[in-house]
Amino acid sequence: DVKVTQSSRYLVKRTGEKVFLECVQDMDHENMFWYRQDPGLGLRLIYFSYDVKMKEKGDIPEGYSVSREKKERFSLILESASTNQTSMYLCASSPKDQSGPGANVLTFGAGSRLTVL
Amino acid sequence: EDQVTQSPEALRLQEGESSSLNCSYTVSGLRGLFWYRQDPGKGPEFLFTLYSAGEEKEKERLKATLTKKESFLHITAPKPEDSATYLCAVQMVYSNYQLIWGAGTKLIIKP
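Those protein sequence lines, which keep their order, are chains X and G.
Under the working numbering, the first sequence is numbered contiguously, ending at residue 1013.
Under the working numbering, the second sequence is numbered contiguously, ending at residue 673.
Everything labelled a hint here was simulated from the structure, so no lab data went into it.
You may find that some hints are simply not true.
Covered by chain G, according to a simulated footprint, are these stretches of chain X (three or more residues, beta-carbon under 8 Å) [what the hints assert, rightly or not]: (1) 934-944; (2) 975-981.
Using 16 Å as the maximum straight-line C-alpha spacing, the simulated EDC-like pairs for lysine to aspartate or glutamate come out as follows [what the hints assert, rightly or not]: (3) Lys-899(X) to Glu-918(X); (4) Lys-953(X) to Asp-922(X); (5) Lys-899(X) to Asp-934(X); (6) Lys-604(G) to Glu-958(X); (7) Lys-604(G) to Asp-897(X); (8) Lys-951(X) to Asp-934(X); (9) Lys-914(X) to Glu-968(X); (10) Lys-604(G) to Asp-644(G); (11) Lys-668(G) to Asp-934(X); (12) Lys-604(G) to Glu-618(G); (13) Lys-641(G) to Glu-563(G); (14) Lys-899(X) to Glu-607(G).
In silico negatives: residues of chain G with every beta carbon more than 12 Å from chain X [claimed, not checked]: (15) Leu-575; (16) Ser-582; (17) Arg-593; (18) Glu-607; (19) Thr-611; (20) Glu-622; (21) Leu-624; (22) Thr-638; (23) Glu-643; (24) Gln-653.
Please read all numbers here as calculations on a predicted model, not as lab measurements.
Glycine included, every Cβ here is placed at the ideal spot set by N, Cα and C.
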């Protein structure tokens, strides 16, 4: 019954390494999101994609990039990891339809906890 | 500035002891308010959407209500399995997808 799958639950990387976080959803959702979750803070949006190859910056895009080559897959890339990117990363998806009972409801993956040393 | 604040940060209750969690918001226009539950090591899971003041939604021991300034998540006769972090998020009228999230309330129900 898994709907949003994040490929790595735990990662440990070194400063300067390139990091790929991958997310796959099986609900045929148009929208996909990458959030960052830190203690004491609300979820912060890094990037959003509303269609294949389309992306929009969220609140904290600096130091991150994304790729969406297929509808079901949305990747987050840290070009050169830094210690302040140590965090929990959450991928989510939602349907395009913004009306009805499921409007704008996000389905989240289990998260990827990244530690940068 | 658009803002969402949840209180308390943490709440410890005995099993069966009813209480409420608060989500207060200051936004320029509300499209919808969302409640999610997050268990340790998992992503948030959707509970409710509220759209207008006076609206209420219920699910098992949980009831969410909405006013023009805040939302409450009432938990009646909680059980240990209700222990989780409860997150509130607000969508503004001018946004199709952007949400402002509260920091969450960690609820612990002791048997």
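These are the hints, each one checked on the structure:
Figure legend: the region 934-944 of chain X, annotated as covered by chain G; annotation consistent (7 residues with Cβ-Cβ distances under 8 Å, at least 3 required). Check on the region 975-981 of chain X: 0 of its residues sit with their Cβ under 8 Å from a Cβ of chain G, so the three-residue criterion for coverage is violated. At roughly 14 Å between alpha-carbon atoms, Lys-899(X) and Glu-918(X) fall within 16 Å of each other, so this suggested pair holds. For the given pair, Lys-953(X) sits about 24 Å from Asp-922(X) by alpha-carbon distance, which is inconsistent with the 16 Å threshold.
Only pairs whose Cα atoms come within 16 Å are accepted, and Lys-899(X) paired with Asp-934(X) is rejected, the gap being roughly 24 Å. Note on Lys-604(G) and Glu-958(X): the hinted pairing is violated, with a Cα-Cα distance of about 26 Å set against a maximum of 16 Å. Distance hint between Lys-604(G) and Asp-897(X) is fulfilled; the C-alpha atoms sit about 15 Å from each other, no more than 16 Å. Simply put, Lys-951(X) and Asp-934(X) have alpha-carbon atoms about 23 Å apart, too far for the 16 Å limit, and the pair is violated.
A hinted pair counts as satisfied when its Cα atoms are at most 16 Å apart, and Lys-914(X) with Glu-968(X) does not qualify at roughly 23 Å. Between Lys-604(G) and Asp-644(G) the CA atoms are separated by roughly 15 Å; this keeps the pair inside 16 Å, and the hint holds. Taking the CA atoms of Lys-668(G) and Asp-934(X), the gap is about 14 Å. The hint holds against a cut of 16 Å. Proximity of Lys-604(G) to Glu-618(G) is assessed by CA-CA distance (about 27 Å); at most 16 Å being required, the pair is judged violated.
Simply put, Lys-641(G) and Glu-563(G) have alpha-carbon atoms about 37 Å apart, too far for the 16 Å limit, and the pair is violated. With a C-alpha separation of about 12 Å, the suggested pairing of Lys-899(X) with Glu-607(G) holds against the 16 Å cut-off. For Leu-575(G), the requirement that its beta carbon stay farther than 12 Å from each beta carbon of chain X is met, with the minimum near 22 Å. Against the 12 Å criterion, Ser-582(G) stays outside the reach of chain X, whose nearest CB is about 20 Å from its own CB.
With 12 Å as the threshold on Cβ separation, the claim that Arg-593(G) sits away from chain X is violated: the shortest Cβ distance comes to roughly 8 Å. Here Glu-607(G) does not stay apart from chain X, with its beta-carbon only about 7 Å from theirs, under the 12 Å limit. With a least CB separation of 7 Å from chain X, Thr-611(G) falls inside the 12 Å interface cut-off, contrary to its annotation. In this structure Glu-622(G) is separated from chain X by more than 12 Å, as the shortest Cβ-Cβ distance comes to about 18 Å.
For Leu-624(G), the non-interface assignment is confirmed: its Cβ lies about 16 Å from the closest Cβ of chain X, beyond the 12 Å cut-off. Separation of Thr-638(G) from chain X is adequate, the least Cβ-Cβ distance of about 23 Å exceeding the 12 Å criterion. Its beta-carbon lying about 19 Å from the closest one in chain X, Glu-643(G) satisfies the requirement of being farther than 12 Å from that chain. The claim that Gln-653(G) lies off the interface is violated: its Cβ sits roughly 6 Å from the closest Cβ of chain X, which falls inside the 12 Å cut-off.
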